[in-house]
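Student: Sequence:
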Amino acid sequence: MKRVKYSFSTLIVLIIAAVFGSNYFLDVDILSMVLGDTKAPIIDTSTIATKVRLDDPFTFDTLTCSDNVDTSCIVDVIGTVDTTITGTYNVILKATDAAGNLARVELSIEVYEGLNTAIYVPDGYYDSIDGMSGETLKAALNDIITGHTEYPYTSTSTDVWDMLRDADEDPDNPENVLLFYTGYSLPKSCQDSSNPPAECEVEIYGELKTVEWNREHIWSKSRGDFEIKEGTATVLDMGAHTDGHHLVAAERVMNSTKNNRHFEDCHDGDDTNIVDRGYGNYTCNDWEFEPRDEVKGDTARMIFYMAVRYEGEEGDMVDLEVINDPDSSKELKLPEYGDLDDLLRWMIEDPVSEKEIERNEAIFQFQGNRNPFIDHPELVELIWGSPEDYN
Numbered sequence: 001m002k003r004v005k006y007s008f009s010t011l012i013v014l015i016i017a018a019v020f021g022s023n024y025f026l027d028v029d030i031l032s033m034v035l036g037d038t039k040a041p042i043i044d045t046s047t048i049a050t051k052v053r054l055d056d057p058f059t060f061d062t063l064t065c066s067d068n069v070d071t072s073c074i075v076d077v078i079g080t081v082d083t084t085i086t087g088t089y090n091v092i093l094k095a096t097d098a099a100g101n102l103a104r105v106e107l108s109i110e111v112y113e114g115l116n117t118a119i120y121v122p123d124g125y126y127d128s129i130d131g132m133s134g135e136t137l138k139a140a141l142n143d144i145i146t147g148h149t150e151y152p153y154t155s156t157s158t159d160v161w162d163m164l165r166d167a168d169e170d171p172d173n174p175e176n177v178l179l180f181y182t183g184y185s186l187p188k189s190c191q192d193s194s195n196p197p198a199e200c201e202v203e204i205y206g207e208l209k210t211v212e213w214n215r216e217h218i219w220s221k222s223r224g225d226f227e228i229k230e231g232t233a234t235v236l237d238m239g240a241h242t243d244g245h246h247l248v249a250a251e252r253v254m255n256s257t258k259n260n261r262h263f264e265d266c267h268d269g270d271d272t273n274i275v276d277r278g279y280g281n282y283t284c285n286d287w288e289f290e291p292r293d294e295v296k297g298d299t300a301r302m303i304f305y306m307a308v309r310y311e312g313e314e315g316d317m318v319d320l321e322v323i324n325d326p327d328s329s330k331e332l333k334l335p336e337y338g339d340l341d342d343l344l345r346w347m348i349e350d351p352v353s354e355k356e357i358e359r360n361e362a363i364f365q366f367q368g369n370r371n372p373f374i375d376h377p378e379l380v381e382l383i384w385g386s387p388e389d390y391n
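Residue numbers (our numbering): 1 to 391.
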């Protein structure tokens, strides 16, 4: 009888045929050993926040891993994170496939003491985002915060002026508003007008000056061109133009100084033409602006809110994006804002304040939607990463 000879390659083909011809008669793990799998599994840590507030819930249950051959893999966590004690916790994640390939990831989780930023969040408001990250998380947040009540920019009924009088009210003097770029407390009656009352004359740097406040768009309306002009009349579109989550009370001169400049750290060693604009604010380079330290985090959280809320969907009029190293030309109207790595760093350096928490709730009472990055600042990292990712 003639003996049939098979080469090794033929044997592999026959094995593969047997697997698929017998409804997976051979287990996939056996196949991986036969074929010589040399690739380790991939552990996905994108759903794990590396900063957790004291006493907040934390879990590794959202960790996943995938393998190029095996149908599933399990992640082992070595180490624990105790959210009742502040500090940095180092943990090791391991996953091994059937062929013995090992994946190993080291994580550092910081437990920090901070305000309960979610104190006013309605039950279930963010339930739909559990375990999400990246663009999936961004889209889910958009679904949550879209469809809010919109108010006209100026009206005899409730308008943006009314929102800011309430949201930016000085807690120590309810007749005043706190101005964003200066920190000054100014009478509400000093609202931008052609005939300001006498109480608008205040001492600034040793001089008496008439100071008025107006409505500042943190995301400048020209960056996306969401102010619509028709003929000689100006028609101010609602939506992004009137969204109270990025509109603040600001002293008129500082509002004009900021203009439509992109945000930038003017003191990180690579900037030119640095000009002190007073109150801790600076301009630099061709057309960039650094706000005072006390509102850098506030600024970042407002910009990130806008990039999630306005995604170019029906009724949005504009699709806004946060980017690194944007073209800062004054005339450019692209719907982009930056600088992303500076904004991410400001998120960390200037954490959510009690004033921000109260302001978020005040706007929620008007509009019916919230800024998720005030309620849960850790979500920013899950979407955009950390500042180091852009260096």
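What the hints contain is simulated information worked out from the structure, not anything from laboratory work.
Computed from a predicted structure; not experimentally measured.
Hints may contain errors.
[To be verified] Quick list of in silico lysine to any residue cross-link-like pairs, SDA-like style, CA-CA up to 20 Å:
id	residue 1	residue 2
1	Lys-333	Gly-239
2	Lys-51	Glu-378
3	Lys-221	Ser-328
4	Lys-51	Thr-71
5	Lys-51	Ala-98
6	Lys-355	Glu-311
7	Lys-188	Ser-220
8	Lys-51	Glu-110
9	Lys-51	Tyr-153
10	Lys-94	Gly-124
11	Lys-333	Glu-311
12	Lys-51	Ser-386
13	Lys-333	Ser-220
[To be verified] The following label-pair restraints were derived from C-beta to C-beta distances:
id	residue 1	residue 2	range
14	Leu-332	Leu-102	22 to 32 Å
15	Ser-155	Ser-189	45 to 55 Å
16	Gly-278	Gly-239	31 to 41 Å
17	Leu-332	Ser-155	27 to 37 Å
18	Leu-334	Leu-102	40 to 50 Å
19	Thr-83	Pro-152	26 to 36 Å
20	Val-91	Leu-332	41 to 51 Å
21	Thr-86	Thr-210	11 to 21 Å
22	Glu-110	Leu-332	15 to 25 Å
23	Thr-158	Lys-209	26 to 36 Å
24	Ser-66	Gly-385	15 to 25 Å
25	Asp-76	Glu-135	33 to 43 Å
Where a beta carbon is used, it is the ideal one built from N, C-alpha and C, also for glycine.
Student: None of the hints should be skipped; say for each whether it holds.
Tutor: Here's how the hints hold up against the structure:
Simply put, Lys-333 and Gly-239 have alpha-carbon atoms about 17 Å apart, close enough for the 20 Å limit, and the pair holds. Pair hint Lys-51 plus Glu-378 holds up; C-alpha atoms about 7 Å apart against a cutoff of 20 Å. The straight-line distance between the Cα atoms of Lys-221 and Ser-328 is roughly 14 Å, inside the 20 Å bound, and the hint therefore holds. With a C-alpha separation of about 32 Å, the suggested pairing of Lys-51 with Thr-71 is violated against the 20 Å cut-off.
At most 20 Å may separate the alpha-carbon atoms for a hinted pair to count; Lys-51 and Ala-98 exceed this at roughly 33 Å. The suggested pairing of Lys-355 with Glu-311 is violated, with an alpha-carbon distance near 28 Å, which exceeds 20 Å. At most 20 Å may separate the alpha-carbon atoms for a hinted pair to count; Lys-188 and Ser-220 exceed this at roughly 23 Å. Distance restraint check for Lys-51 and Glu-110: the Cα-Cα separation of roughly 5 Å lies within the 20 Å cut-off, and the hinted pair is therefore satisfied.
Simply put, Lys-51 and Tyr-153 have alpha-carbon atoms about 38 Å apart, too far for the 20 Å limit, and the pair is violated. A hinted pair counts as satisfied when its Cα atoms are at most 20 Å apart, and Lys-94 with Gly-124 does not qualify at roughly 33 Å. For the hint linking Lys-333 to Glu-311, the alpha-carbon distance of about 16 Å falls within 20 Å, and the restraint holds. For the given pair, Lys-51 sits about 11 Å from Ser-386 by alpha-carbon distance, which is consistent with the 20 Å threshold.
Annotation: proposed proximity of Lys-333 to Ser-220 holds, straight-line Cα distance about 10 Å (limit 20 Å). Between Leu-332 and Leu-102 the Cβ separation comes to about 49 Å, which falls outside the hinted range of 22 to 32 Å. Checked against the hint of 45 to 55 Å, the pair Ser-155 and Ser-189 fails, with Cβ atoms roughly 19 Å apart. For the hinted restraint 31 to 41 Å between Gly-278 and Gly-239, the CB-CB distance of approximately 33 Å keeps it satisfied.
Here the CB-CB span from Leu-332 to Ser-155 is close to 31 Å, well matched to the stated 27 to 37 Å. Roughly 46 Å separates the CB atoms of Leu-334 and Leu-102, a value that falls within the hinted 40 to 50 Å. Remark: the range hint 26 to 36 Å for Thr-83 to Pro-152 is contradicted by a beta-carbon distance near 44 Å. Checked against the given bound of 41 to 51 Å, the beta carbons of Val-91 and Leu-332, roughly 45 Å apart, stay inside it.
Checked against the hint of 11 to 21 Å, the C-beta distance between Thr-86 and Thr-210 comes to roughly 48 Å, which is inconsistent with it. Checked against the given bound of 15 to 25 Å, the beta carbons of Glu-110 and Leu-332, roughly 38 Å apart, lie outside it. A hinted range of 26 to 36 Å holds for the C-beta pair Thr-158 and Lys-209, which are about 31 Å apart. Checked against the hint of 15 to 25 Å, the C-beta distance between Ser-66 and Gly-385 comes to roughly 20 Å, which is consistent with it.
With their beta carbons about 29 Å apart, Asp-76 and Glu-135 fall outside the hinted range of 33 to 43 Å.
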